[in-house]
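Trainee: This is what each chain is made of:
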Amino acid sequence: AQKITQTQPGMFVQEKEAVTLDCTYDTSDPSYGLFWYKQPSSGEMIFLIYQGSYDQQNATEGRYSLNFQKARKSANLVISASQLGDSAMYFCAMRFRTSYDKVIFGPGTSLSVIP
Amino acid sequence: DTEVTQTPKHLVMGMTNKKSLKCEQHMGHRAMYWYKQKAKKPPELMFVYSYEKLSINESVPSRFSPECPNSSLLNLHLHALQPEDSALYLCASSQANPSGEEKLFFGSGTQLSVL
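Protein chains in written order, with my numbering: chain A, 1 to 115; chain B, 1001 to 1115.
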C-alpha cells in the first residue's frame, strides 16, 4: 500500500538559515509524482514544488529545492534563507499514476521561523 | 485565471439541515477533487471526478453527495451531518502539463461546523 511518512511533527529554524523537511514514501508503482504543499494558518494549500519519479534532476523553485533520492524513497524539501512568512504546515504528497487521479498526503511538519 | 473558488468560506449547520458546498474553476482542468481536513491533520481524499464522471469514492458516508454539473463546477451536498463531520473541506482541480507534471490547485476551503 502507498504511504507517506514525515517524521518531524515540528521544526524550528532561525530566520535566514536553511532548513530540511523530511519525507519518505512507500510505493511499488514505477511511475509517481511527489509534491510539497505549504498550508499557512489561513488554511489555503499552496503548491511549492514537484518531482516526477523519472526526473533525472532534482526539482528547484526559487528558495525551494527537492532532494530526491529514489533508491531510498525519500523526497526531502530544502528551504534556503528562511523567512518569517515560511512559518506554516508543510505537507509532502504523492500522486499514483496507476490510480490515475489519486493524491495522498503525509501527516505534515509544522515549521516555525524564529526572528 | 489560476484560481479555484469555493463558497461559502464558513458554514454552520444543524444536524437536520441540508446545505451545499460549491467549487468552481475556469482553468479547463479535467479532474476535480473533494478533500476533508481536520485540524492539524493532512487532507483526506473524499471524491474525484474525471471528465465529469465520478472516478473515486473513498468510502464516504452517503450523507455526503457529490455532484459535477459541468467541467467547471463541483458541488458537495450535505444532509443529516454529524458533529464529527466538522472540518475544513477543500476543493482542488488538476490537469497534466506537456511535461507530465500534474499539480493540484486548491481552493481556500469551506470551514464547516455541525452543531
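Hints in this document: simulated from the structure, not taken from any laboratory. Note that this is a predicted model, so its numbers are computed, not measured. Even for Gly, the Cβ is constructed at its ideal location relative to N, Cα and C. One or more hints might be untrue.
Each pair of labels, with its calculated beta carbon distance range [claimed, not checked]:
(1) A:Gln14 with B:Pro1069: 23 to 29 Å
(2) A:Gly10 with B:Leu1054: 33 to 39 Å
(3) B:Asn1057 with A:Tyr64: 51 to 57 Å
(4) A:Ser110 with B:Gln1111: 28 to 34 Å
(5) B:Glu1067 with A:Gln2: 34 to 40 Å
Beyond 12 Å from chain A on every Cβ pair, some chain B residues (computed) [unchecked claim]:
(6) Val1012
(7) Lys1018
(8) Leu1045
(9) Ile1056
(10) Phe1064
(11) Leu1088
(12) Asn1097
(13) Ser1099
(14) Glu1102
(15) Ser1108
(16) Gln1111
Trainee: Each hint needs a verdict: does it hold in this structure or not?
Mentor: To see whether the hints hold, each was checked on the structure:
Checking the proposed 23 to 29 Å range against Gln14 (chain A) and Pro1069 (chain B) shows it is violated: the Cβ atoms sit about 50 Å from each other. For the pair Gly10 (chain A) and Leu1054 (chain B), the supplied restraint of 33 to 39 Å holds, since their beta-carbon distance comes to about 37 Å. Checked against the hint of 51 to 57 Å, the pair Asn1057 (chain B) and Tyr64 (chain A) fails, with Cβ atoms roughly 33 Å apart. For Ser110 (chain A) and Gln1111 (chain B), the hinted distance range of 28 to 34 Å is not satisfied, since their beta carbons lie about 19 Å from each other.
Distance hint for Glu1067 (chain B) and Gln2 (chain A): a CB-CB separation of about 28 Å, inconsistent with the stated range 34 to 40 Å. Separation of Val1012 (chain B) from chain A is adequate, the least Cβ-Cβ distance of about 16 Å exceeding the 12 Å criterion. Every CB of chain A is more than 12 Å from the CB of Lys1018 (chain B) (nearest about 25 Å), matching its label as outside the interface. The claim that Leu1045 (chain B) lies off the interface is violated: its Cβ sits roughly 7 Å from the closest Cβ of chain A, which falls inside the 12 Å cut-off.
Remark: the non-interface label on Ile1056 (chain B) conflicts with the geometry, its nearest Cβ contact in chain A lying 6 Å away (cut-off 12 Å). Non-interface call for Phe1064 (chain B) relative to chain A: holds, since the shortest CB-CB distance, roughly 18 Å, exceeds 12 Å. A beta-carbon of chain A is positioned within 12 Å of the beta-carbon of Leu1088 (chain B); the least distance is around 6 Å. A cut-off of 12 Å between C-beta atoms contradicts the statement that Asn1097 (chain B) is not in contact with chain A; the least separation is 10 Å.
Not every C-beta of chain A lies more than 12 Å from that of Ser1099 (chain B), the closest at about 8 Å, which undercuts listing it as non-interface. Some Cβ of chain A comes within 12 Å of the Cβ of Glu1102 (chain B); the nearest lies about 7 Å off, and the non-interface call is violated. Non-interface status of Ser1108 (chain B) relative to chain A is broken: a Cβ of that chain comes within 12 Å, the nearest being about 5 Å off. The claim that Gln1111 (chain B) lies off the interface is violated: its Cβ sits roughly 7 Å from the closest Cβ of chain A, which falls inside the 12 Å cut-off.
The structure does not agree with the numbered hints 1, 3, 4, 5, 8, 9, 11, 12, 13, 14, 15, 16 stated previously, though it agrees with the rest.
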